[in-house]
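Use these hints to put chains B and C onto chain A, whose structure you have.
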Amino acid sequence: MRPLLRWMTLLLAVLLTAAACQPSPASPPPSPTAAAPAPPSAASPTPGAAAPIRIGAPFNLTGGMASIDVPAANGARLAAEEINATGGVLGHPLELLIRDTKTDPATAANVVTQLIEQDKVVAVIGFNDSDYVLAAGPICQRAGVPFITVGATSPRLPGQVGDMLFLAPFGDNVQAAVGAEFAFEKFGKTAYLLWDKGAEYTTVLAKYFKARFTELGGTIVLEDTYQSGDKDFSAQIAKVKALPQQPAFYYIAALPDDVGTIVKQFRNAGIAGPIVGGDGYDTPLLIEVAGPAAESVFFTTHSLLTADSPNERVRKFVAAYKQKYGTEPEAVFAALGYDSVYMLAEAIRRAGSTNGRAIQQALENLRDFHGVTGVINYSPQSHIPQKGVTVIEAKGGKFTLAAERVPQKVPAP
Amino acid sequence: MQTLGSLEFWIQQGINALGLGSQYALMAVGLAMVFAVMRLINFAHGTVMMAGAYIGWLLLQRGTPFPLVALGMVLGAAALGIAMERVAYRPVRGAPDVALLLNSFAVAVLLENLAILIFSPRSRPFPMPEILTQVLHPGGDLFLPSIHLWALGGALLALTALALFVTRTRLGLAMRAAAENPTAAQLMGIDIGKVTLLAFAIGSAMAGLAVLFWTAHVGTINPGMGFEPVLKAFVACVIGGFGTIPGAVLGGYLLGALEIFLQGILPSGVVGYRDALVYAVLILILLARPGGVLGYLEAERV
Amino acid sequence: MRMSLAHRRWVWALRALLALALLGAGGAVARWGGAYLQRLVILFLINLMLVVSLNLFTGLTGVFSLGHVGFMALGAYTSAILTLPPALKAVNLPDLPAPLSNVTLPFLPALVAGGLVATAVAFLIGIPVLRLSGHFVAVATLGFLIIVRVVLINAEAFTRGTRTFTGVPPATTLGWAALWALLNLYVAMRVKGSALGLQIRAARDDPWGAQGVGVALGRVRLVAFLISAFFTGVAGGLWAHFLTAFSPNAFYFSKTFEIVVMMIVGGMGSISGSVLGTLLVMGSTELLRNLEPGISIGSITLGPLYGLSQIGLAILLMLLIAFRRQGLLGDREWGLEPIAERLGAWWEGRRAERVSLRVRKADP
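Chains as they are written, first to last, in our numbering: chain A, -7 to 405; chain B, -4 to 297; chain C, 19 to 382.
So that you can see chain A by itself, here it is in the shape it has in the complex (with noise of 0.2 Å):
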C-alpha cells in the first residue's frame, strides 16, 4: 500500500511539472484559442483577422515591490485597453500578457523565457528595478525582443543589458542632478541627507544629489540613513535637530509608501526647513498622510499628474484611470507604465512590423513622442529618454508646479 502511494505522489509530482511546463491554455480570456497566433508581418497585415499581437508584462505583482508594481501594470492594462478600443495597432489588438513574478529574480527570468517562448510575444514592457530587469534583460537580448522597463532608473541599465533595453523615466543621476541645482539655486548651499539604505532607487538618487550638490559647492553637513521597513525616525530627527545650525534644506531619497510617514514625523518634531526629494514622493500619499505637513514639500518627477492639469493627455489619463481603478494613479508608475504601452504601440505601428528588430529600430529612432509623463526622444546613443525634468511643490494641499528643467550638468552614470 505504501508504496503504490509514493509512487503514485512521485507521479502526481510529475505530471504537475509537465503540466506547469505546458504552454498556458488559460491564457487571458482575449484568446481562447491555445494556437500561437501567426505574427503579422509587414507584407501581409491581415486587418479584422485580428491575431493579438502579444506583449509581454511581467510584473512583481506580490510580495515586496507588489505596491510600486501594481500601479504601473495597472497603467499598462489601461493603455493596451485604450489602443484596442480605437481599433489597436496595424489592426490587430494588442494583447497584454500580465504575469506575477512574486519579486522573485529566479522567477522573472523563467516568466520571460516563458513569455518568448511559449506565448511569442513580440516585446516585453514591465519591471520597476533593476534586480529584475537585470535578470530578464539579458533574457530579451538574445532572444532579440524589445525590452521597456517601465520604472527601472540606473543609468546604467541600457549598457548593462543590450541595445534590446529602453528606460521609459529618465535616469536617476538626471533627476538628482535637477534636483541638487534647484535646491542649490533656490534654498542655499548647505544640505541635510537621508536614504534608504535598503533600496537601490534611494541609494543610487542619494549617490547622484551629493555628487552633483558638491560639485556646484554645497557641504552636506550631516548624512544619515534608515533601512527598509523602519517606520521611526525619531533616532535621525534628534540627530538634525542636535546640529548647531540647521541646513537650507533636507535631501531625503524615500520610496513612495514611506514619503507621508517621514514628511509627517519630521514635521511634528518641529522641523520646518523644506524638505527636497524624487519621483517616489510623486504620490497622493505624500498629502494624504503628511496632510499640512507636507507644505514647502519639493520633489523631482515626470510631469505634474493632476486631474487639473493643463495638458490635456494627463487630463484624460488620470480620469480614465480614476474611471478604471477608482482611485488616481497610486504613484508615477502607473503613468509610465501607460507611456510604455503606448510607446511600444507607436513603434510597431511606425516599423510596419511585429519584428523585434524592426520594433527595436523604431523606437531608437522615436522622436517627439507626447506621453503623459513628458515628451520622449530616443536615439542610438540614448536609450534613457532625454526629457525635461519636473518640480513640483506641495502646496495647500494640491500638488503644483515649481519649476521644469534640464540639468545643466547630469554625474557620470
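To be clear, the hints were calculated from the coordinates, so they are not data collected in a lab.
Take the hints with a grain of salt, since some may be wrong.
Derived CB-CB ranges, DEER-like [as the list claims (entries may be wrong)]: (1) R349/A - F341/C: 52 to 58 Å; (2) A264/A - I315/C: 57 to 63 Å; (3) F341/C - L53/B: 32 to 38 Å.
A virtual CB, placed ideally from N, CA and C, is assigned to each residue, including glycine.
Using the frame of chain A, we list chains B and C on its own:
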C-alpha cells in the same frame, strides 16, 4: 561629532527609546502570551496586526466613529485569532515546535496574499484623530509623539490586567498551569483547548491594540505591514525571555533603546550596520542567557 | 541487513536503469527541451541542492536552521566576485581591494571557493550556536540570516550594496547543475548511512542516551553543519551564475520559506524525500502560477488571481503539517531495495513455477 554631546540630545534619544520601546513592548506582549501557553512562536502575529488594521480601515471607510473603529480593531483581531486557532493551529496541536513555527509561517503567507487579492497591495492612508497624533513638547526643543504615551499606557495596562488575570482568576491560573506543564495541567482537569483558545484571543486582541497605536505613528497600512513588527516582537521576546509577559515588555524596551541609541551614535559610514549589531546582541544574549534577561526557561545546553 | 547476491544484482540493474533513464531525460531536455524547460530543470537541481543540504543538517540532527540562505548568499557573492572579469570589476566594483580586483578564476574553482567561504563562516558561527538546544538554534540562525543581509547591503566595495550585482558570466549549464546535484545527493546518502550519520541520528532521537554512549553531540552536529554549508554555498554559486544578476534581497525570508517548505513536504531526514518535495513544490508552484492570469472553466472565467501560487503553497504546507506531520517520506529513504526485492521474488516465483512445470512434465 561634538554636536551630539549636548544633554538635550541624549534626553531626546531617551524619550525616543522609551517611545519606540513602548510600541515594541505592546507588540511583544501578545506574542509572548501565545508562546507561554502553546510553545508556539506565532509568526502570524504580525499578519493579525495587519488584518486588524484593515478591519479598522474598512470601518473608517463606512464612517464609523473612531472609538468604535478602535474597538473593532481589537475585537476583530481577537476574532481572527480565535478563528486561526480553530482552523490552523488546533489540528496541529502537539506537533514539534518547528512544525508549529512553519505552520504559523504558512498562515502568515496565506493571509498576506489574501489581503493582496482583496485590498490590492498598495498602501492606504489611515487618518487618526488628533488625540493620537499630536506631538507634545515637554520643554526646550524636545518632542514626544503622544502616541508613544498611549502605547506605554497600553503596555502597562495590559501588563497589569494580565498579571491580575493570571493570578486572581480560575481561568488565568489554569492558563499559567497549562504554560508551566501542559500534561500535568490536563491531568488536573484543565481544558487545554479552552485555555489555548483564550490565549490566542487575548494575544490577538493585544495585536489589535498594538496595531492601532503603531498605525497612528506610521500613518499608512498595507498587506505587508506585519512583517517588521513581528520580527521586532520576536526579538523583544528573545531578549527579554520567551514566555514571560514581563520579559516581553522589558525586551521591547531594551530593543527600542538599542535601536535608537545605535542609530543615534554610530557615525554615518557605519550606521547601516545597526541591525547587524542588534542581532549580534540577540545571539550573544542567547548564548549567555538562553532564557533571556528575565527568562525562567533555562535552555538545555549540550 | 543481509542481502543475497541475486538481490544485489537486481539493485544494481535497477540503479543502472535509473541512471540511464535520468541521463536520457537530461539529454533529451538539453537537446530538445525549450529554454523555459531547461531553466526549470536547472533551477530544480539548484533548489534540490539547497534542500538536500538543509536536510542533511536539519533532518539528521533535528536542529532547525533558518540561516542556510545566508550561506547561499555567501557562496553566490564569493563565486561571482571571483569569476567577474577584471574589466567589469573596474566598472562595477571599483573599490574592491587589490588581490581580488585583478583575479579571475574559472567557474569550478570559484564555485568551490564559494562553498569554502560558506563553510568557514559556518564553522565560526557553528561552534557557539550549535551548543544551544533546538528552538534557540532556529532563533540564532535567523539572526545570522539577517546579519548576512545587513553586511551584504553595507559592504558595498564587495557587493555593490543594494545595487544589483550584475555581469556574472552565465556559466551554470544543465550539466554542471546535474553534476553537483548528483555529488550532493551521493554525499548526503553516504553521510546518512555512515557511522557519523548514525551518531547524528542517535543524538537527535535521544541526546542524553547518545552522549552516554560517547557521542560528542556538539562535534557531530558541527560536522553535519559544515558539510551542509559547503553544498549550500556551492548551490548559491550555481544560482548566481545561472541568474547572472541579483541583490541581497534575493537571499532572505521568501527563499528560506521556499526551501524549508520543500524539505518539510518531502520529509525531514529523508534525502529521497527532498527530491520528491522539491519536485512537488516546484511543480505545483509553476502550475498554479500559470493559472494566475485567469482560469477558464467552460464559460466561467476566474481571475486574474495573482498570489495564487503562494496561497496554494501555504495551504499545502498547512494540510501536510496537520495530516502528515513527518512529510511524505518521513525520514525513511525511498530506495530501490523494496522494488528489487519484489522483482526478485517475482522472478524466483516464475522460475519455481517453470521448474515445477518441468518437473511435472518430466514426471508423468
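Return the numbers of the hints above that this structure violates; sort them in rising order. The structure conflicts with no hint, since it agrees with every one listed earlier.
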